[in-house]
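*Asks:* Assemble the whole structure, with the sequences as input and the hints as a guide.
These protein sequence lines are chains A and B, in that order.
With my numbering applied, the first sequence has no gaps in its numbers, which climb one by one up to 599 at the end.
With my numbering applied, the second sequence has no gaps in its numbers, which climb one by one up to 64 at the end.
If you're looking for bench data, these hints aren't it; they were derived computationally from the structure.
Any given hint could turn out to be false.
What the hints assert, rightly or not - A short, non-exhaustive set of chain B residues, derived as facing chain A with CB atoms under 8 angstroms:
#	residue
1	Lys14
2	Phe37
3	Val61
Claimed, not checked - Below, simulated SDA-like cross-link-like pairs (lysine to any residue); rule was C-alpha separation at most 25 angstroms, straight line:
#	chain 1	residue 1	chain 2	residue 2
4	A	Lys421	A	Lys491
5	B	Lys58	A	Gly263
6	A	Lys357	A	Leu465
7	A	Lys447	A	Ala505
8	B	Lys33	A	Lys184
9	B	Lys58	A	Asp271
10	A	Lys483	A	Ala522
11	A	Lys421	A	Val584
12	A	Lys491	B	Lys58
13	A	Lys184	A	Glu588
14	B	Lys33	A	Asp489
15	A	Lys545	B	Lys58
16	B	Lys58	A	Pro256
17	A	Lys491	B	Gly28
18	A	Lys495	A	Lys421
19	A	Lys495	A	Val584
20	A	Lys447	A	Val584
21	B	Lys33	A	Phe446
22	B	Lys33	A	Glu588
Note that beta-carbon positions come from the ideal geometry of N, C-alpha and C, so glycine has one too.
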Amino acid sequence: MKRFARTVPAVGNIEFLPSARPFSNFDFVDKHFGDIWPLRRILSQVRMNGGETIVIERLQDAADLAEENADLQQLCAGYDPASSRAWRLSFFRGAVADLQALRRMSPNRFLGYAIVKKDAVPATPLVCSRGRTGYRVYESVVKGSRHKNNYVRGSPTWVCCIAGRPLSIDGYLYAQQNAVTNCCAHVAVRTAATRFMGTDLSYRQINEWVAEFRMTHGIPHAFPGAGLSNDEICDILHRIGANTFEGNYTGASVHPVPYQRYLYGAVESGFPAILFFDTQQRDSSGQTASHAIPIFGHTFNEDAWVPDANLLYFPMRQATKALSSDTWVSMFLGHDDNAGSNYCIPRHYVETTRTCLDEHENRVRCKEQEGAVAYAIGTLPADVKVDPIEAEAIGADYLLAILREVPAGFKGWTERWQKRLEGYHGRQLLVLRTILLNGLQYASHLKAVHGWDKKPLPKWLPDAFARVADDCFWMVELSVPELFSANRRKLGEILIRADTDAGTQRDFKNFFCARLPGCFVVIVDGKATKPTGAGAQPKFLYIPLSVVDHVELYGCEEPTTGC
Amino acid sequence: MRRATMSFEEKREALLRTATSRSQGQGVSKQVPFPNDDVPEFLRQYRQFKEDSRKVRVVAR
Numbered sequence: 037m038k039r040f041a042r043t044v045p046a047v048g049n050i051e052f053l054p055s056a057r058p059f060s061n062f063d064f065v066d067k068h069f070g071d072i073w074p075l076r077r078i079l080s081q082v083r084m085n086g087g088e089t090i091v092i093e094r095l096q097d098a099a100d101l102a103e104e105n106a107d108l109q110q111l112c113a114g115y116d117p118a119s120s121r122a123w124r125l126s127f128f129r130g131a132v133a134d135l136q137a138l139r140r141m142s143p144n145r146f147l148g149y150a151i152v153k154k155d156a157v158p159a160t161p162l163v164c165s166r167g168r169t170g171y172r173v174y175e176s177v178v179k180g181s182r183h184k185n186n187y188v189r190g191s192p193t194w195v196c197c198i199a200g201r202p203l204s205i206d207g208y209l210y211a212q213q214n215a216v217t218n219c220c221a222h223v224a225v226r227t228a229a230t231r232f233m234g235t236d237l238s239y240r241q242i243n244e245w246v247a248e249f250r251m252t253h254g255i256p257h258a259f260p261g262a263g264l265s266n267d268e269i270c271d272i273l274h275r276i277g278a279n280t281f282e283g284n285y286t287g288a289s290v291h292p293v294p295y296q297r298y299l300y301g302a303v304e305s306g307f308p309a310i311l312f313f314d315t316q317q318r319d320s321s322g323q324t325a326s327h328a329i330p331i332f333g334h335t336f337n338e339d340a341w342v343p344d345a346n347l348l349y350f351p352m353r354q355a356t357k358a359l360s361s362d363t364w365v366s367m368f369l370g371h372d373d374n375a376g377s378n379y380c381i382p383r384h385y386v387e388t389t390r391t392c393l394d395e396h397e398n399r400v401r402c403k404e405q406e407g408a409v410a411y412a413i414g415t416l417p418a419d420v421k422v423d424p425i426e427a428e429a430i431g432a433d434y435l436l437a438i439l440r441e442v443p444a445g446f447k448g449w450t451e452r453w454q455k456r457l458e459g460y461h462g463r464q465l466l467v468l469r470t471i472l473l474n475g476l477q478y479a480s481h482l483k484a485v486h487g488w489d490k491k492p493l494p495k496w497l498p499d500a501f502a503r504v505a506d507d508c509f510w511m512v513e514l515s516v517p518e519l520f521s522a523n524r525r526k527l528g529e530i531l532i533r534a535d536t537d538a539g540t541q542r543d544f545k546n547f548f549c550a551r552l553p554g555c556f557v558v559i560v561d562g563k564a565t566k567p568t569g570a571g572a573q574p575k576f577l578y579i580p581l582s583v584v585d586h587v588e589l590y591g592c593e594e595p596t597t598g599c
Numbered sequence: 004m005r006r007a008t009m010s011f012e013e014k015r016e017a018l019l020r021t022a023t024s025r026s027q028g029q030g031v032s033k034q035v036p037f038p039n040d041d042v043p044e045f046l047r048q049y050r051q052f053k054e055d056s057r058k059v060r061v062v063a064r
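*Replies:* Structural data, given as C-alpha cells:
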C-alpha cells in the first residue's frame, strides 16, 4: 500500500500546540511557514469550527511526496530532493495536550489536516525561469462550513493517521499547485477525480495520461506546469470512470444554457464540476491564462428574489418554461488552489463572455471580457448517458403535458391544486429540481414521504420499484416557489431513464413513470410509440393515489434534517 | 435457474401491470398531446453546443 503523507508515521518529536485565543494564527504562519496564503484560510476555517489544538508532525518517508520530488528533479536537474521538507498539521476541537489525550479523545473532534511542503526549485530555463523557494499546501481536507444552508454532497472520506491514531475526515481534497510538475488544472482534476476513485490520484499518473493523450492526438508536449486543456482534463476523468458534459463560453455566440447550469446540475446530485475562467493576469507573451477551480457544492437561499424578478422583469426564454431549482442558489462552493479551500463563489461573480458594439457598429469584446468564464465541465458516473440539463428539459416536457391533461373529474385530483398548478404554469413559476438516483433510492423516498395531512403513499407503490432497484434514473421534481423554498416540499416528480442516450427526438422511450397530487402515471403504449415531435399523442394511464397534495423533496424526508 | 435480466421496456410494462391491478378499475387512460417542438429543438441546440464545445481547446494553468 502506498505510504501517503496523510498516513505515514512522523519522524522526531510530535508537537501538541494549543491554538485557542490568545494564540495567533497569523503569528504561527509567519513564524513557521513564511507567507503561505492558503494556510491562513485553512486555519481560519479551523478557528470557525472551534479548533483549539494543532498537532505538528515532521514527515520523511511519504511515497507520494517522494514521487513528486523525483518528478521535480527530472524537470529541474538542479533541484535537490534531500532539501525538501514536509509537515503534517492536524486540527482538533478542544484541548489535546499529549499522545495519551489524543488516543482517548472522541474521533469527532478531529477537524482535518494539511500537508505543508517546502521546496527550493532552482531557476530552470523553459520550466521555472525564476526558480521557486517556499512553502505550499501539498494537500488538505478540513471540516466544511458550519452554515446550515451550505450543501455539499458526495464528499470522499479520507483516512489519516495522526500520531499513530487512525482518524477520518470527509471533504473534497484541496491542493496547491507547484507550477512545475502540476498546475491549477492538475489540482482541480485531482479534487474531482477522487470523488469517483475512492482514493487519491497522483500528479505523475495525470502526467502520464496527458503524455499519452498528446501523443495520440499529435499535440506538442509541454512541461506539466504549462497547463492542461479542457480535452485533456476530460480524458483523465473518463479514464477514472467519470462521464463529462461540457460547455464552451469563450466565443461570442449565444449560449443555450448559462454555465451555472453545468455546475449546479452536477453538484446537486453529488458530483463535482470544474470551472475555467480567464484572469486579468498575462504571461510573458502577453496571453491571458485561464484558471481552473473545482466546484462541489452550493448554498440555498430560501428568500431569493430571483423567481419573482423572473416573472416581473426578466421573462425566461427556457424551453421548459419553468424555474430550475438553482434559482435559489446564490453561491457555489469550491476550492481555489491559489487562495484556499471551501470558498463561497457568488454565482454571478464571474460571468460569461459577452460582446458589445463599438462606435462603428462592429462587434467587439467588452471590458468585462477579462475575468469571464471560459469553460465548464460537469461530471457524472460513467454509466449515466443523459446529463442533468437534458434530463430536466425532457422531464419537464413530459410532466407538464401530463399535468395539463389530468382527466376531468379524476378521483384523487383536487380542483384547488389543479387551479393553482395551472396558475403557476401559466406564469412560468413551476419549479423543477433534477436529481440522479436509483430505483431503490426512489422506493425508499416513496416509503418515507407523507402528504401535508401526514398520509403516506400506498405500500404497493414503493414495492413496485423492486425490479428497478439498480437502474439509474433522473428524477425531475415539480414544485411551486413557496412550497419549494420554505417547506422543501413538492407536488410530484417524473422518472427518466439515465443510462441510455436520450437523443433529440421526443420518443417517450426514456419515460418510466410520473406522480402528481392524487395520481400515479404510467405509459400505456410505450413499446409501440414511434419517434414523434409536435403532434404526438401517446397514451398514459392515470391511477388514483391517496396523497392529494404535497410531499417532502428528495433528501428532505421528515423527520430527518437533510435539508 | 436465475431469470434473465429484464429490459427497460419489460420493466415498464411490469410497472403498468402492477399499477393497473392496484387501481381496482379506477385508472383512466388518456392520450396526451404534445403541441410544439420547443424541447426537441432545445435538445438539438444544446447537443450542438456540447459538440462544438468539445472542438475548442482552452488551457488552464
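*Asks:* With reference to the structure, classify each hint as holding or not holding.
*Replies:* Verification of the hints:
no.: 1; hint: Lys14; in the structure: holds, 5 angstroms
no.: 2; hint: Phe37; in the structure: holds, 5 angstroms
no.: 3; hint: Val61; in the structure: holds, 5 angstroms
no.: 4; hint: A:Lys421 <-> A:Lys491; in the structure: violated, 36 angstroms
no.: 5; hint: B:Lys58 <-> A:Gly263; in the structure: holds, 18 angstroms
no.: 6; hint: A:Lys357 <-> A:Leu465; in the structure: holds, 8 angstroms
no.: 7; hint: A:Lys447 <-> A:Ala505; in the structure: violated, 30 angstroms
no.: 8; hint: B:Lys33 <-> A:Lys184; in the structure: violated, 44 angstroms
no.: 9; hint: B:Lys58 <-> A:Asp271; in the structure: holds, 14 angstroms
no.: 10; hint: A:Lys483 <-> A:Ala522; in the structure: holds, 23 angstroms
no.: 11; hint: A:Lys421 <-> A:Val584; in the structure: violated, 34 angstroms
no.: 12; hint: A:Lys491 <-> B:Lys58; in the structure: violated, 52 angstroms
no.: 13; hint: A:Lys184 <-> A:Glu588; in the structure: holds, 18 angstroms
no.: 14; hint: B:Lys33 <-> A:Asp489; in the structure: violated, 29 angstroms
no.: 15; hint: A:Lys545 <-> B:Lys58; in the structure: violated, 30 angstroms
no.: 16; hint: B:Lys58 <-> A:Pro256; in the structure: holds, 17 angstroms
no.: 17; hint: A:Lys491 <-> B:Gly28; in the structure: holds, 22 angstroms
no.: 18; hint: A:Lys495 <-> A:Lys421; in the structure: violated, 31 angstroms
no.: 19; hint: A:Lys495 <-> A:Val584; in the structure: holds, 16 angstroms
no.: 20; hint: A:Lys447 <-> A:Val584; in the structure: holds, 10 angstroms
no.: 21; hint: B:Lys33 <-> A:Phe446; in the structure: holds, 11 angstroms
no.: 22; hint: B:Lys33 <-> A:Glu588; in the structure: violated, 28 angstroms
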